[in-house]
Structures are given as C-alpha cells and as structure tokens.
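Colleague: Sequence:
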Amino acid sequence: MFTGIVAGTGRVSNIEGDDVIRIMIDFSLVSTEGLVTGASVSVDGVCLTVVEIDNQMISFDVIPETLSMTTLGEKVVGNWVNLERALKMGDELGGHLLSGHIMGVGEIIERSLGDEHLDLLIDCPDNILKFVQEKGYIAIDGISLTIGQVDEGGFYLHLIPETLNLTTIGGKQLGENVNIEVDSMTQTIVSTVERVLEERS
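In this note's numbering, the protein residues as written are 33 to 233.
These are computed hints drawn from the structure, not numbers from a lab. Keep in mind the model is a prediction, meaning the values are calculated, not measured. Backbone N, C-alpha and C fix where the C-beta goes; we use that ideal spot for every residue, glycine too. Misleading hints may appear alongside valid ones.
Quick list of simulated restraints, FRET-style, between CB atoms [said to hold, decoys possible]:
| # | residue 1 | residue 2 | range |
| --- | --- | --- | --- |
| 1 | R227 | Q88 | 40 to 50 Å |
| 2 | D158 | S100 | 35 to 45 Å |
| 3 | V228 | E97 | 27 to 37 Å |
| 4 | Q88 | K167 | 37 to 47 Å |
| 5 | S45 | G66 | 20 to 30 Å |
| 6 | Q181 | I221 | 35 to 45 Å |
| 7 | S45 | V225 | 21 to 31 Å |
| 8 | P193 | V228 | 34 to 44 Å |
| 9 | R143 | T178 | 17 to 27 Å |
| 10 | P193 | I141 | 40 to 50 Å |
| 11 | V228 | S60 | 49 to 59 Å |
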C-alpha cells in the first residue's frame, strides 16, 4: 500500500527488453535504506517490484499489460518519475490509501500557470469519471491530490508550490498523459450504489 505522498523523483537511466521491459531508475534523490529485492515501489503511481539493486540504481520488470494500461509504456531514458516506497506499519498516513493499481490514463487538455500555482484540466475516461467527485481524493502519477471542479469530460486540479517542487507534475505539458487511481472507498461506494439500483430496477 501507498499514501500518495511522493518521496521524490527519479530519472529513468535504462530501458531494455522486448516483451517484459526492465526499467532502471536512479534513486539518488530518494532513500534506498532498507530497500531489498522483492519490495514494492510506486513509480508514477504504478506498483512495481524491485528486481535488482546496484547502489542507487534500482531495476524493475514491467509486463506488457502494465505498459499498455499506464504511461510507463511511453517512458524513455532521461524521463523523470515520481517515487514512493511502500507504506510500513507505524508510518504517518499523510495522503490517502493507494494500491498502485492504475485504473486508466487521462490527458492534460488545459494548463494554466499562475505566480504560485498550476491549474490542470484532465480529460478522463467515462469509466473512471463516474468515481470522480469534487473535493474527493484522487492519485495522479502517484500523487495524492484533491479534485477541483468536475465537468462532463474531466476534472480540474489546483496544484500548490510544494507539490510542484517535489513531483514531476509541474513539468507536464498539454497533450501529455497521466496515470489515474481513484480512492478505493469511493470506488466501493459508487459500485455498491450502482449494484443496488440495478437490482431494484
């Protein structure tokens, strides 16, 4: 499990493989203390398993389904990604609980930069948008965020300097894609209501 409180960013140092892809990420800006092979790490919101550790260079294997369902399939050497180590017993829950299982991908279709903030409009697939509620929680590229206004095709994010400084989202441009994971409690409530209404109809 994760919290959506990004520990820092890492740079993609190498990508190799044809079917299953091995991605190597430089963890120089994020602590690797206690990190072992088999541990879970959120990489741009995607739960991946550590397969190799070479000092600060950490490698992960990514299967074709994950590559096609998330933005990891778009990554190239030199790209930066958000990183979060798995939640440990006793850790502070500063964001909201996340599984690292991406529901889908959204596209940035509006971008407005102010003096100390950034507003983004995310075009969201319909099967995800039904779970999106104003002032609710959402994870974008592994970042725990509060949803702004919701319209028919997507939702707004209002980002503060702290988030822009610690994550990659400030560098996202129009047309770029982001990984989306909706709060699991919201998913459960909406799905339960849908099932009850269907049973009554």
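Colleague: Please go over all the hints and tell whether each is borne out by the structure.
Modeller: Cross-check of the supplied hints:
Separation of R227 from Q88 is about 47 Å and conforms to the stated range, judged on CB atoms against 40 to 50 Å. A hinted range of 35 to 45 Å is violated for the C-beta pair D158 and S100, which are about 19 Å apart. At about 31 Å, the beta-carbon gap between V228 and E97 stays in the expected band of 27 to 37 Å. Separation of Q88 from K167 is about 38 Å and conforms to the stated range, judged on CB atoms against 37 to 47 Å.
Here the CB-CB span from S45 to G66 is close to 21 Å, well matched to the stated 20 to 30 Å. A hinted range of 35 to 45 Å for the beta carbons of Q181 and I221 is inconsistent with their spacing of about 21 Å. Checked against the hint of 21 to 31 Å, the C-beta distance between S45 and V225 comes to roughly 45 Å, which is inconsistent with it. Between P193 and V228, the C-beta spacing of about 43 Å keeps the proposed range 34 to 44 Å intact.
Hint check: R143 to T178, Cβ distance near 18 Å, so the stated range 17 to 27 Å holds. Checked against the given bound of 40 to 50 Å, the beta carbons of P193 and I141, roughly 23 Å apart, lie outside it. The hint said 49 to 59 Å for the Cβ distance between V228 and S60, and at roughly 50 Å that hint holds.
The structure does not agree with the numbered hints 2, 6, 7 and 10 stated previously, though it agrees with the rest.
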